[in-house]
Amino acid sequence: MGEVGRPLTVGKVVLENVVKKYGSVEVVRELNLTVRQGEFLTLLGPSGCGKTTTLMMIAGFEFPSAGRVLIDGQDVTGLPPFLRNVNTVFQNYALFPHMKVADNVAFGLRTRRTARAEIPGRVRHALSLVQMEQYANRWPRQLSGGQQQRVALARALVLRPEVLLLDEPLGALDLKLRKEMQVELKHLHRKLGTTFLFVTHDQEEALTLSDRIVVMNGGRIEQIGPAAEIYDRPRTRFVAEFIGETNLLPARVLERTAAGAVVEAVGVRLPLPVRELPPGDQLVLSVRPERVRVAGAPGRASIEARVSDRIYVGSGVKIIARGPDGMTITATGMPGTPLAACQPGEPVSLTFDADACVPLPAAEEGAA
Amino acid sequence: MSAPVHPLRDRRPAAPQPRTPAPIRSMLDTIRPRPWLRKLLLAGPAGLWLLLFQGVPLALILVTSFGARTGSGAVAYGFSFANYFRFADPLYLGILVDSFAMALGVTIITLVVGYPLAYFIAAQPPERRTRWLFLVIVPFWTSMLIRTYGWIFLLRGNGLINTLLMRLGVTEGPLNLLYNNGAAVLGLVYMLLPFMVLPVYTSVEKLDTNLIRAAYDLGARPAGTFRKIILPLTMPGVAAGSVLVMVPAMGLFYVADLLGGAKTVLIGNLIQDQFTQANDWPFGSAASVILSALTLVLIFLYVRSGGKEEELL
Numbered sequence: 001m002g003e004v005g006r007p008l009t010v011g012k013v014v015l016e017n018v019v020k021k022y023g024s025v026e027v028v029r030e031l032n033l034t035v036r037q038g039e040f041l042t043l044l045g046p047s048g049c050g051k052t053t054t055l056m057m058i059a060g061f062e063f064p065s066a067g068r069v070l071i072d073g074q075d076v077t078g079l080p081p082f083l084r085n086v087n088t089v090f091q092n093y094a095l096f097p098h099m100k101v102a103d104n105v106a107f108g109l110r111t112r113r114t115a116r117a118e119i120p121g122r123v124r125h126a127l128s129l130v131q132m133e134q135y136a137n138r139w140p141r142q143l144s145g146g147q148q149q150r151v152a153l154a155r156a157l158v159l160r161p162e163v164l165l166l167d168e169p170l171g172a173l174d175l176k177l178r179k180e181m182q183v184e185l186k187h188l189h190r191k192l193g194t195t196f197l198f199v200t201h202d203q204e205e206a207l208t209l210s211d212r213i214v215v216m217n218g219g220r221i222e223q224i225g226p227a228a229e230i231y232d233r234p235r236t237r238f239v240a241e242f243i244g245e246t247n248l249l250p251a252r253v254l255e256r257t258a259a260g261a262v263v264e265a266v267g268v269r270l271p272l273p274v275r276e277l278p279p280g281d282q283l284v285l286s287v288r289p290e291r292v293r294v295a296g297a298p299g300r301a302s303i304e305a306r307v308s309d310r311i312y313v314g315s316g317v318k319i320i321a322r323g324p325d326g327m328t329i330t331a332t333g334m335p336g337t338p339l340a341a342c343q344p345g346e347p348v349s350l351t352f353d354a355d356a357c358v359p360l361p362a363a364e365e366g367a368a
Numbered sequence: 369m370s371a372p373v374h375p376l377r378d379r380r381p382a383a384p385q386p387r388t389p390a391p392i393r394s395m396l397d398t399i400r401p402r403p404w405l406r407k408l409l410l411a412g413p414a415g416l417w418l419l420l421f422q423g424v425p426l427a428l429i430l431v432t433s434f435g436a437r438t439g440s441g442a443v444a445y446g447f448s449f450a451n452y453f454r455f456a457d458p459l460y461l462g463i464l465v466d467s468f469a470m471a472l473g474v475t476i477i478t479l480v481v482g483y484p485l486a487y488f489i490a491a492q493p494p495e496r497r498t499r500w501l502f503l504v505i506v507p508f509w510t511s512m513l514i515r516t517y518g519w520i521f522l523l524r525g526n527g528l529i530n531t532l533l534m535r536l537g538v539t540e541g542p543l544n545l546l547y548n549n550g551a552a553v554l555g556l557v558y559m560l561l562p563f564m565v566l567p568v569y570t571s572v573e574k575l576d577t578n579l580i581r582a583a584y585d586l587g588a589r590p591a592g593t594f595r596k597i598i599l600p601l602t603m604p605g606v607a608a609g610s611v612l613v614m615v616p617a618m619g620l621f622y623v624a625d626l627l628g629g630a631k632t633v634l635i636g637n638l639i640q641d642q643f644t645q646a647n648d649w650p651f652g653s654a655a656s657v658i659l660s661a662l663t664l665v666l667i668f669l670y671v672r673s674g675g676k677e678e679e680l681l
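Chains as they are written, first to last, in our numbering: chain H, 1 to 368; chain W, 369 to 681.
Hints in this document: simulated from the structure, not taken from any laboratory. You may find that some hints are simply not true.
To be verified - Derived lysine-lysine pairs resembling DSBU-like cross-links, with alpha carbons at most 30 angstroms apart: (1) W:Lys596 / W:Lys574; (2) W:Lys574 / H:Lys100; (3) H:Lys191 / H:Lys179; (4) H:Lys100 / H:Lys21; (5) H:Lys21 / W:Lys574; (6) H:Lys100 / H:Lys179; (7) H:Lys318 / H:Lys176; (8) W:Lys407 / H:Lys100; (9) H:Lys176 / H:Lys186.
Said to hold, decoys possible - Computed beta-carbon distance windows for the label pairs: (10) W:Ser673 / H:Ile119: 27 to 33 angstroms; (11) H:Ser24 / W:Phe594: 32 to 38 angstroms; (12) W:Leu575 / H:Thr34: 35 to 41 angstroms; (13) W:Thr539 / H:Asp75: 51 to 57 angstroms; (14) H:Val313 / W:Leu405: 57 to 63 angstroms; (15) W:Trp509 / H:Lys21: 40 to 46 angstroms; (16) H:Ile311 / W:Ser673: 56 to 62 angstroms; (17) H:Pro97 / W:Trp509: 49 to 55 angstroms.
Ideal Cβ positions, reconstructed from N, Cα and C, are used throughout, including at glycine.
Please model the entire structure based on the sequences and the hints provided.
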């Protein structure tokens with residue numbers, strides 16, 4: 001997929017120390033990011049984290065207060081959007097209401113003075129990519145939200161952009177349609193090999209779609225990596241909590257060993273491969289609910305808790321239990337497991353393995 | 369008669385009902401079951417007002433227009449199209465064409481001046497837009513007639529502008545700024561500008577800024593974006609503003625009269641003259657009917673072109 005011969009170090013889009021300020025408010029702080037040729041990269045974060053502003057600076061609708069934006073090695077920092085070879089799909093689709101579907105798709109070709117004879121064929125091809133050929137003569141208002149989004153995709157893709165920017169394009173669709181469009185976006189990406197830069201606040205969507213995810217918070221990048229790495233090896237509390245559900249357990253280093261250290265969390269002693277921390281140091285362990293299970297027998301490595309809620313989630317059961325000191329532990333189990341049999345009010349012994357724990361710094365760095 | 373209270377439907381604790389005075393209660397009981405009465409009471413007063421003070425005078429003008437002038441200047445009622453045929457005279461047709469041309473010119477100038485202003489206001493942050501719109505509307509608080517006299521003070525031979533120009537040595541003697549077509553156009557543009565700005569503003573304000581972004585994104589430059597996206601999408605405002613400016617521009621006789629001087633004879637002045645100077649009410653009425661008909665045609669064309677009546681309000 002894409003140009004294999006190209007070295008990966010040359011970014012399709014490169015942001016160098018990009019800062020965006022509105023007045024004295026820094027929305028994006030010292031951002032460095034390299035988008036690789038042909039990848040599906042997602043900017044993920046809560047609203048106000050600067051992800052859309054970052055996208056808009058690549059599209060050319062916002063200009064950085066400091067730093068540089070490069071597309072294909074060319075500095076485009078000060079270029080207006082109409083001089084950049086990137087195209088955007090907007091959240092509200094932004095189809096021109098006074099033009100039929102075909103004219104919407106042809107708009108970019110006409111402004112770029114594409115040969116007249118070439119236009120109908122390219123419009124047809126772009127519409128066929130999103131299965132909308134038969135709607136060429138409709139007005140945008142005659143289409144459903146999902147159909148409008150497909151047209152918006154075709155309108156952007158018809159120009160064969162270097163990078164396709166997608167600003168929460170599925171945000172306005174209902175869940176079922178959103179899932180369908182996710183699959184289609186994935187297919188389109190594989191088929192075209194175009195670099196996709198996607199913005200969303202929906203972590204599940206990011207996990208489903210992306211080759212790599214950039215988790216943003218407060219104008220900074222928290223972590224960049226493939227979906228599995230972001231989920232399994234979060235590097236900060238923010239990432240652990242934002243991506244999926246997790247239990248954050250306060251822990252303490254007991255002693256150093258050859259393999260790392262022995263850590264104690266809520267009465268459970270675990271060997272962990274952490275070397276940097278001296279005995280007595282505080283840290284936080286992130287344990288995903290699906291890695292928490294019922295202990296065979298109450299013992300040294302279990303947390304004695306009481307089930308406070310049992311929630312049926314279709315594919316399984318979610319248990320919320322109160323442990324010592326009133327802390328809550330969430331666990332999920334498939335039907336048929338001992339966990340799924342727990343009932344509210346019952347005592348339960350919970351445990352987890354050392355390899356389920358992700359050690360995280362106790363205090364959030366740079367927490368505002 | 370009373371149905372049993374449904375236990376679920378009436379869960380609220382019985383609050384003490386505010387006591388309605390008996391006369392009002394009986395009034396409400398009369399009105400509530402009769403929708404037609406309700407409509408009549410709501411629309412009746414305004415309807416009656418319009419009927420008496422708009423409908424009746426219009427009917428009188430229509431009737432008068434078919435009559436004739438007696439030697440003494442009184443109206444002899446009858447049924448003849450003589451006044452309308454008289455209007456076919458090149459002299460009067462010329463006045464009609466001139467009025468139309470002048471109104472069209474005024475409309476184009478208000479559009480060229482008003483569109484950017486409306487766009488500017490719509491681009492302001494919401495809390496500041498109100499302030500700008502207020503400034504656009506403020507002149508309405510002073511009578512148009514008084515503001516017309518204000519322009520005379522500015523434009524006349526020893527007026528503010530000429531005095532200033534001569535003091536600064538820009539001109540030797542006073543310029544002829546007043547009593548010409550230019551002054552009349554200037555006055556009309558000034559008076560009617562808000563009627564263009566407000567509907568255009570409404571249209572621009574409704575425009576989704578993402579559409580402009582999308583156009584840029586697809587390679588359109590600012591001029592192309594304006595021509596292909598912004599202008600077509602704000603056309604309803606432009607059309608509504610044009611009707612709102614053009615219609616009064618043909619009829620505002622005193623502005624043309626006071627600023628344009630005796631040289632400018634427009635249809636509005638012609639009508640006024642027939643009633644006040646020539647004492648020929650039937651002919652004046654015929655001219656009024658023709659002007660009204662022309663106006664209706666304009667509005668009809670506007671509605672046909674896809675405009676909505678509401679935009680005019």
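To see whether the hints hold, each was checked on the structure:
At most 30 angstroms may separate the alpha-carbon atoms for a hinted pair to count; Lys596 of chain W and Lys574 of chain W meet this at roughly 17 angstroms. For the hint linking Lys574 of chain W to Lys100 of chain H, the alpha-carbon distance of about 20 angstroms falls within 30 angstroms, and the restraint holds. Restraint check for Lys191 of chain H and Lys179 of chain H: the C-alpha separation of about 19 angstroms stays at or below 30 angstroms, so the hint holds. The hinted pair formed by Lys100 of chain H and Lys21 of chain H fails the criterion: a straight-line CA distance of about 39 angstroms is larger than 30 angstroms.
Between Lys21 of chain H and Lys574 of chain W, the direct Cα distance comes to roughly 28 angstroms. Compliance with the 30 angstroms bound is thereby established for this hinted pair. Using a Cα cut-off of 30 angstroms, the hinted pair Lys100 of chain H and Lys179 of chain H holds, with the two alpha carbons roughly 27 angstroms apart. Straight-line distance between C-alpha atoms of Lys318 of chain H and Lys176 of chain H comes to about 23 angstroms, which keeps the hinted pair within the 30 angstroms bound. For a cut-off of 30 angstroms, the pair hint linking Lys407 of chain W to Lys100 of chain H is broken: about 42 angstroms separates their Cα positions.
With a CA separation close to 16 angstroms, the supplied pair Lys176 of chain H and Lys186 of chain H stays within the 30 angstroms bound. The beta-carbon spacing between Ser673 of chain W and Ile119 of chain H, approximately 29 angstroms, falls within the hinted interval of 27 to 33 angstroms. At roughly 34 angstroms, the beta-carbon separation of Ser24 of chain H and Phe594 of chain W lies within the given 32 to 38 angstroms, and the hint holds. About 37 angstroms separates the C-beta atoms of Leu575 of chain W and Thr34 of chain H, a value consistent with the hinted range of 35 to 41 angstroms.
Distance hint for Thr539 of chain W and Asp75 of chain H: a CB-CB separation of about 54 angstroms, consistent with the stated range 51 to 57 angstroms. Judged by the Cβ atoms, the range 57 to 63 angstroms given for Val313 of chain H and Leu405 of chain W holds: they are separated by roughly 58 angstroms. At roughly 43 angstroms, the beta carbons of Trp509 of chain W and Lys21 of chain H sit within the given window of 40 to 46 angstroms. Between Ile311 of chain H and Ser673 of chain W the CB atoms are about 59 angstroms apart, so this pair conforms to the stated range of 56 to 62 angstroms.
Between Pro97 of chain H and Trp509 of chain W the beta carbons are some 38 angstroms apart, a value that contradicts the proposed interval 49 to 55 angstroms.
In the structure shown, a violation is registered for the earlier hints numbered 4, 8, 17, in ascending order.
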